[in-house]
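Protein chains in written order, with our numbering: chain F, 98 to 207; chain R, 207 to 554.
These aren't lab readings, by the way, just hints derived from the structure by calculation. Treat the hints with caution; some may be incorrect.
List of simulated lysine to any residue pairs, SDA-like, C-alpha gap at most 20 Å [unchecked claim]:
id	chain 1	residue 1	chain 2	residue 2
1	R	K430	F	D172
2	R	K273	F	E168
3	F	K105	R	V473
4	R	K256	R	L296
5	F	K105	R	N474
6	R	K332	R	E258
7	F	K133	R	K427
8	R	K471	F	A111
9	F	K142	R	L425
Simulated restraints on C-beta separations [said to hold, decoys possible]:
id	chain 1	residue 1	chain 2	residue 2	range
10	R	R431	F	I186	25 to 33 Å
11	F	E134	R	G463	30 to 38 Å
12	F	S184	R	K256	52 to 60 Å
13	F	N103	R	Q391	46 to 54 Å
14	R	G463	F	S184	23 to 31 Å
15	F	L107	R	D303	46 to 54 Å
16	R	N464	F	R199	47 to 55 Å
17	F	K109	R	N464	18 to 26 Å
18	R	E241	F	N103	32 to 40 Å
19	F	V149	R	R431	23 to 31 Å
20	F	W121	R	A371	41 to 49 Å
Covered stretches of chain F, going by a simulated chain R footprint (3 or more residues, C-beta under 8 Å) [stated by the list, open to error]:
id	segment
21	138 to 148
22	167 to 178
For every residue, glycine included, the Cβ atom is placed at its ideal position computed from N, Cα and C.
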Amino acid sequence: MDTYYNPKDLNKFAEMNEGAPVLWEKFNAWYTEVFKEGALSEREKALIALAVAHAVQCPYCIDAYTQASLEKGADLEQMTEAVHVASAIRGGASLVHGVQMRNVNQKLTM
Amino acid sequence: MESRHKSMKAFGEDLALPEVQLQIINRNNGFPSFEEKYLEVGEGELRTGKIEIMQINLGKMCNQVCKHCHVDAGPDRKEIMTKETMQLCLDALASSDIQTVDLTGGAPELNPDFKWFVTEIKKLDKHIIVRSNLTILVTNGFEDYPEFLAKNKVEIVSSLPYYKASFTDRQRGNGVFAKSIKAMQILNELGYGKEDTGLIFNLVYNPVGAFLPPGQECLEKDYKRELAKNFGLVFNNLYTITNMPISRYLDYLLASGNYEDYMTKLVNAFNPAAAANVMCKYTLSVSWEGNLYDCDFNQMLELPVSEGAPRHIKDFNQAQLEGRKIIAGQHCFGCTAGAGSSCGGELT
Numbered sequence: 098m099d100t101y102y103n104p105k106d107l108n109k110f111a112e113m114n115e116g117a118p119v120l121w122e123k124f125n126a127w128y129t130e131v132f133k134e135g136a137l138s139e140r141e142k143a144l145i146a147l148a149v150a151h152a153v154q155c156p157y158c159i160d161a162y163t164q165a166s167l168e169k170g171a172d173l174e175q176m177t178e179a180v181h182v183a184s185a186i187r188g189g190a191s192l193v194h195g196v197q198m199r200n201v202n203q204k205l206t207m
Numbered sequence: 207m208e209s210r211h212k213s214m215k216a217f218g219e220d221l222a223l224p225e226v227q228l229q230i231i232n233r234n235n236g237f238p239s240f241e242e243k244y245l246e247v248g249e250g251e252l253r254t255g256k257i258e259i260m261q262i263n264l265g266k267m268c269n270q271v272c273k274h275c276h277v278d279a280g281p282d283r284k285e286i287m288t289k290e291t292m293q294l295c296l297d298a299l300a301s302s303d304i305q306t307v308d309l310t311g312g313a314p315e316l317n318p319d320f321k322w323f324v325t326e327i328k329k330l331d332k333h334i335i336v337r338s339n340l341t342i343l344v345t346n347g348f349e350d351y352p353e354f355l356a357k358n359k360v361e362i363v364s365s366l367p368y369y370k371a372s373f374t375d376r377q378r379g380n381g382v383f384a385k386s387i388k389a390m391q392i393l394n395e396l397g398y399g400k401e402d403t404g405l406i407f408n409l410v411y412n413p414v415g416a417f418l419p420p421g422q423e424c425l426e427k428d429y430k431r432e433l434a435k436n437f438g439l440v441f442n443n444l445y446t447i448t449n450m451p452i453s454r455y456l457d458y459l460l461a462s463g464n465y466e467d468y469m470t471k472l473v474n475a476f477n478p479a480a481a482a483n484v485m486c487k488y489t490l491s492v493s494w495e496g497n498l499y500d501c502d503f504n505q506m507l508e509l510p511v512s513e514g515a516p517r518h519i520k521d522f523n524q525a526q527l528e529g530r531k532i533i534a535g536q537h538c539f540g541c542t543a544g545a546g547s548s549c550g551g552e553l554t
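Whenever a hint applies, use it, and build me the whole structure from the sequences.
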């Protein structure tokens, strides 16, 4: 193995069936249902998935949901805004913890 | 990928040759053959039924040079249907019960006898569809064409790969989106796309890249909302079409390193329900020279109708053409992937 991530491995995802077929089947059924059009459109769901993929920094998911977003009718502008949403939450999540730093600072300093 | 200004043929590129394209798409790369896969439909081999549409390619000349064009059309292409061949088409139509005539190209309006041909088809009381690229309708010398098409109640089907300029211009050339919007405004003013006018105006989406099209119904809502909000435009239906891995789109796939993945995607997405409704079952395609094909894609690959059937419009015989075996190849996976694809959009 030259690298931990290989694009071809994405196609092997279904091999996770081996070893725990019942769990795989349940995951698959739930996963499929999640991405069907509901109160949110399939395009909106694909863009949320793309944003989350960036937040969790999963290369497989970024590959899959860039394609999915395009195939659901999104364009680069929409996908870039989705990535900014993920980045803003990640950045904001760090920054908001500054409140804790301030609390500790307040307690310890005169 | 840079914009093109001329066809692949003008540059003498090998890929402009149908035999080179066929060699690539039909090479054994581990995919099942289309003919083998089609058997999953459960109807035996792929054959035509009753011919409902005669799709006539009036020539390869076009004012645009789109990156995905399966015709390799462009301003440099001189292949244009003559009035004599048009007359042969009219004779064939008069002898048949085919109800719809679908005019394509290139830009069909660039044929010097386009107006005469439309007027003559109209006399035969056939429904006429023109595949217009929109920009030709706002080109000098063609300003009266929208009114002419409206007067003859011609249905217009036009490509607009996205409801924003970015994708549209990247595929069809700089400035195409703005010109298309201008043409659509003129068409709307004439009543095209509006209820109760009888003037049908449909748009076509095709992916700007190596991916499959979105669901037609869902994307149509987006198009209608955005075009109305941003430009006050209306249209009837949106057709989503899959790009065929031939000609300039094949060139793009190979140059961008997407060919294998795209073919895998098409083959894996084979849908027997879509395959059962492929348009070649009810369409006859006529080339600018009058030769007969199963579809416009086979026409560009120079794959004529099966042996035994009339192969030129001068020999047109509806009974002999119906029920013929369709000449299929690996490119046919483009019509059967996902929800399917045809000149009228999804097939399921």
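Which earlier hints can't be squared with this structure? none
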